[in-house]
Amino acid sequence: MNPSPETIAVAAILFVVLAAYALFGGADFGGGMWDLVAGGPERGAAPRELIDESITPVWEANHVWLVFILVLLWTAFPPAFAAIMTALFVPLSLSLLGIVLRGVGFAFRHTAQRLRLRQLTGATFAASSLITPFFMGTVVGAVATGQVPVHPSGNVLAAWTSPTAILTGFLFVAACAYVSAVFLVLEARKRGQRGLVRYFALRATAAGAVTGALAGATFAELSASSPYVFHRLTGISLPLVAVSIAAGIAVLGMLWLRWYHPLILRATAAVAAAAVVWGWGLAQYPYLFPTSLALRPGSAPTATLDAEFVVAGLAVVLVVPGFALLYYLQQRGLLTEADSDDDLRMAAQVGSAAPGPAAVVEPEPVGARIGVAAVFVALAVRAIRNVFAPGSRRG
Amino acid sequence: MTHVLAAGAVNPVPARSQMGSSLGFHIILACFGVAFAAVTMTAEWIGIKRKDPVAMLLARRWSKVMAVLVAVGAVSGTVLSYEMGLLWPGLMGRYGAAIGLPFSLEGIFFFLEAIFVGVYLYGWRRLSPWAHWWTGMPIVVSGILGAISVVAANSWMNSPAGYTLTHGKISSVDPVSVFFNPATPYEATHMILAAYMVTGFVVAGVYAVGLLRGRRDRYHRLGFGIPFTIAGIAAPLQVMMGDVIARFVANNQPVKFAAMEYVLSTQRDAPEWLGGILINGKVYFGLSVPAFDSILVGFNPHTKVIGLNSAPAALEPPLDTLIHLSFNVMVGIGFFLFALAAWQGWWWWFHRRVLMTAWFLVPAALSGVAAVAAMESGWIVTEVGRQPWIVYKVLLVSQAVTPSGGVTVTLGVILALYAILTVVSIGTPMIMSRRWRREGPGEEDAEQVPYGPSSAPAGRAGAARAEPRAPAGRAEAP
Numbered sequence: 001m002n003p004s005p006e007t008i009a010v011a012a013i014l015f016v017v018l019a020a021y022a023l024f025g026g027a028d029f030g031g032g033m034w035d036l037v038a039g040g041p042e043r044g045a046a047p048r049e050l051i052d053e054s055i056t057p058v059w060e061a062n063h064v065w066l067v068f069i070l071v072l073l074w075t076a077f078p079p080a081f082a083a084i085m086t087a088l089f090v091p092l093s094l095s096l097l098g099i100v101l102r103g104v105g106f107a108f109r110h111t112a113q114r115l116r117l118r119q120l121t122g123a124t125f126a127a128s129s130l131i132t133p134f135f136m137g138t139v140v141g142a143v144a145t146g147q148v149p150v151h152p153s154g155n156v157l158a159a160w161t162s163p164t165a166i167l168t169g170f171l172f173v174a175a176c177a178y179v180s181a182v183f184l185v186l187e188a189r190k191r192g193q194r195g196l197v198r199y200f201a202l203r204a205t206a207a208g209a210v211t212g213a214l215a216g217a218t219f220a221e222l223s224a225s226s227p228y229v230f231h232r233l234t235g236i237s238l239p240l241v242a243v244s245i246a247a248g249i250a251v252l253g254m255l256w257l258r259w260y261h262p263l264i265l266r267a268t269a270a271v272a273a274a275a276v277v278w279g280w281g282l283a284q285y286p287y288l289f290p291t292s293l294a295l296r297p298g299s300a301p302t303a304t305l306d307a308e309f310v311v312a313g314l315a316v317v318l319v320v321p322g323f324a325l326l327y328y329l330q331q332r333g334l335l336t337e338a339d340s341d342d343d344l345r346m347a348a349q350v351g352s353a354a355p356g357p358a359a360v361v362e363p364e365p366v367g368a369r370i371g372v373a374a375v376f377v378a379l380a381v382r383a384i385r386n387v388f389a390p391g392s393r394r395g
Numbered sequence: 001m002t003h004v005l006a007a008g009a010v011n012p013v014p015a016r017s018q019m020g021s022s023l024g025f026h027i028i029l030a031c032f033g034v035a036f037a038a039v040t041m042t043a044e045w046i047g048i049k050r051k052d053p054v055a056m057l058l059a060r061r062w063s064k065v066m067a068v069l070v071a072v073g074a075v076s077g078t079v080l081s082y083e084m085g086l087l088w089p090g091l092m093g094r095y096g097a098a099i100g101l102p103f104s105l106e107g108i109f110f111f112l113e114a115i116f117v118g119v120y121l122y123g124w125r126r127l128s129p130w131a132h133w134w135t136g137m138p139i140v141v142s143g144i145l146g147a148i149s150v151v152a153a154n155s156w157m158n159s160p161a162g163y164t165l166t167h168g169k170i171s172s173v174d175p176v177s178v179f180f181n182p183a184t185p186y187e188a189t190h191m192i193l194a195a196y197m198v199t200g201f202v203v204a205g206v207y208a209v210g211l212l213r214g215r216r217d218r219y220h221r222l223g224f225g226i227p228f229t230i231a232g233i234a235a236p237l238q239v240m241m242g243d244v245i246a247r248f249v250a251n252n253q254p255v256k257f258a259a260m261e262y263v264l265s266t267q268r269d270a271p272e273w274l275g276g277i278l279i280n281g282k283v284y285f286g287l288s289v290p291a292f293d294s295i296l297v298g299f300n301p302h303t304k305v306i307g308l309n310s311a312p313a314a315l316e317p318p319l320d321t322l323i324h325l326s327f328n329v330m331v332g333i334g335f336f337l338f339a340l341a342a343w344q345g346w347w348w349w350f351h352r353r354v355l356m357t358a359w360f361l362v363p364a365a366l367s368g369v370a371a372v373a374a375m376e377s378g379w380i381v382t383e384v385g386r387q388p389w390i391v392y393k394v395l396l397v398s399q400a401v402t403p404s405g406g407v408t409v410t411l412g413v414i415l416a417l418y419a420i421l422t423v424v425s426i427g428t429p430m431i432m433s434r435r436w437r438r439e440g441p442g443e444e445d446a447e448q449v450p451y452g453p454s455s456a457p458a459g460r461a462g463a464a465r466a467e468p469r470a471p472a473g474r475a476e477a478p
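So the sequence lines, in the order shown, correspond to chains A and B. Numbering-wise (the numbering used here), the first sequence opens with residue 1 and increments by one. Numbering-wise (the numbering used here), the second sequence opens with residue 1 and increments by one.
Bear in mind the hints are in silico, worked out from the structure with no lab data behind them. Heads up, some of the hints might be wrong.
Unchecked claim - Looking from chain B toward chain A, a few residues come up when the C-beta cut is under 10 Å (computed):
(1) Leu86
(2) Ile108
(3) Ala131
(4) Pro175
(5) Val407
(6) Val424
What the hints assert, rightly or not - Calculated from the model, a selection of chain A residues having no Cβ within reach of chain B, i.e. all distances over 10 Å:
(7) Ala82
(8) Ser153
(9) Arg191
(10) Ala247
(11) His261
Predicted model, so just to flag it, every value in this text is computed and none were measured. Even for Gly, the Cβ is constructed at its ideal location relative to N, Cα and C.
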């Protein structure tokens, strides 16, 4: 009764794309949230500008991940897609509302010239950044708890308003804020804005702590609401969960030590987010809806899955070189953002030059912090082992 | 067919209205996604090849407008992906394994397009002229391939192929036959030509307004000439293609064709109706050309044309008048645009000039709106004409529609939001153009000064050489 290798392969692709969206889309949404809480027009000007500069080049591409998820789901797992879309019509519509409002706010705030209008569109953009991940979280919570009926006859409010689903919603919001703040620390550092490095490091730490607490609460809630997923999370998925927790703690440690290595910090934060997504995927196996709809009856015929595999291959062959080119040109400084109309106008008005190249951030004395961090890491490792040791034996 | 007639109790009208308005909105932006890069690159090509700073400036500015429109299109495209599931779970749940395939391919092309629009937009300053030009090529190619993919999904709904049903469930799929179903080549060509016409005529229309207001400089003549030429080449091809497609529809979806042409009952010597309203099986206020419809379908007045009465009343398309008049509007505008292009083409052949008479410029200024109206009418014909089927002769709309409540609410919200998005996507280029006009066509270089790189930007080499002003005044980057 095991699903075919093709099914597993396509499900794996789906979870790779999901992790990518969680990371890039998450950073994108999180940016909007930090924009929301940045304060008045003067106090919040500097962080807002940094957020804007960091999001502008990527926000379009993030829609592509979402579209890929939808398309993969409806092509490879049509019954599950139809059931989710029917039962969770309300939260999905609300998350879509957030996406459209974000687009409107984003496009408009760049053309709006009066401060009032700018503030209004900016607030729209920021508030919708909160709506979308929250409701997407409730959708994931509803699926993970197996509350989505296989043949729903309409909206199922109970599915996405269960404590687990609501908690997952908040978890998504916190996770987006966390991932985004970590990325923004690095963006600020790249631009040599030390004040903003501290600003976002502090917020990343806070968001990381909240994310951890919410993850713990969701996890505890799952033990009652979805015994199957909980059992597997503490069993076969445990290594992934442990990696995620360890990476999350490592990021907090690095932030605390002010060791902002562009690649390592980013990668560790990415691992923290991706590992938990994959842990969830593995915990659901072999079910699309635990435990009512299994992968095998829920998946499309083999030829479709093969075709999806080919499409994924094509995507790698075509899109990866495209991205590589984009990255290469960006790193070589061949893509200048100055060409955006807004910048041109602002520059013409102010008559000032563009911000100079990134100033070098001087290393700071960190001796004592490393010592404390070592103790902290040791404690964290022990804590993880204590929490999960019985679970892993059970699994 | 009886199981099909025993349809669900849900009223599909709000869902259909929402899908129709979302698609009707997105398709305009999609046209620019497909064709604007080619228009811009033509201007850039002229700019580089002939060292023409005016063409270069146009290309630069168009690329900025393109970025805005692609951004809004990304949002409205995401909305459509959602709606496929939110509104039509019955379609996606049953046939997602087939119809999802072309959408998957489209995802790749959309991705490529998004990447290269970014490179093209931000690469103006530092890339060498030809390197920059080539970064636009993937946008053109992925625009066309993406259009084929999405249209293939719609074609599949008109002529479903490439799948086997077992107990009402798809048991096997032939991806190639799904993608290249019989309608794909016709619909895809039709849509790509339409995209080039819409983009070309809309952009040309903007500059025609400028010409009418007396701004008859080279900037406006070129800004009119380049897109108008591209659209003008597409126009006659589209008229020919339309004729071929009409015959395909007459064979493939005869009931849709009957509604388009008011063929009430299956007959020989079928008349061609121009205009007219169909009330209780009788055409009022229409102009009828005897036997011409039969001639168009089979090149012979005695060709038998299948009529509306061939389908059971429950499976007849609704709103025949809307379908027929939309069809007439599309064909009429198609010929009008063809004539307009032919007039300018003839003038260009003998005089090498853009026509400056108001008799030409006023219709030319309206050509963009007309092209959009024609395309929207075409979509009304194909979508309303397929009713009550969502997948022709396979699945009814009422079987596919979501049983979830709340579609009326989402419909209202979508309409309000799209009104705002429309303002954004028309307003933003207008604000840009007003600013450009204040600055004058020659000042783009001066405008760049604060951000100027250390040397004369390679990307502007062609322009800089032709420009009398030396680039020495550029600020050195720190």
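Against the structure, the hints come out as follows:
At its closest, the beta carbon of B/Leu86 sits 5 Å from a beta carbon of chain A; the interface hint therefore holds under the 10 Å criterion. The interface hint given for B/Ile108 is met, as the beta carbon of that residue sits about 5 Å from the closest beta carbon of chain A, less than 10 Å. Against a cut-off of 10 Å between C-beta atoms, the interface hint on B/Ala131 holds, since the closest Cβ of chain A lies about 9 Å away. Against a cut-off of 10 Å between C-beta atoms, the interface hint on B/Pro175 holds, since the closest Cβ of chain A lies about 4 Å away.
Interface restraint check: B/Val407 against chain A, minimum CB-CB distance 8 Å, threshold 10 Å, status holds. Taken as an interface hint, B/Val424 checks out: its beta carbon lies about 5 Å from the nearest beta carbon of chain A, inside 10 Å. Residue-level check failed: A/Ala82 sits 3 Å from the nearest beta carbon of chain B, not beyond 10 Å. Listed as a non-interface residue, A/Ser153 fails to keep its Cβ farther than 10 Å from every Cβ of chain B; the least gap is roughly 5 Å.
Distance check for A/Arg191 against chain B: the nearest CB is about 14 Å away, which clears 10 Å, and the non-interface claim stands. Chain B leaves A/Ala247 outside its interface by the beta-carbon criterion, the shortest separation being 28 Å against a cut-off of 10 Å. Remark: the non-interface label on A/His261 is consistent with the geometry, its nearest Cβ contact in chain B lying 27 Å away (cut-off 10 Å).
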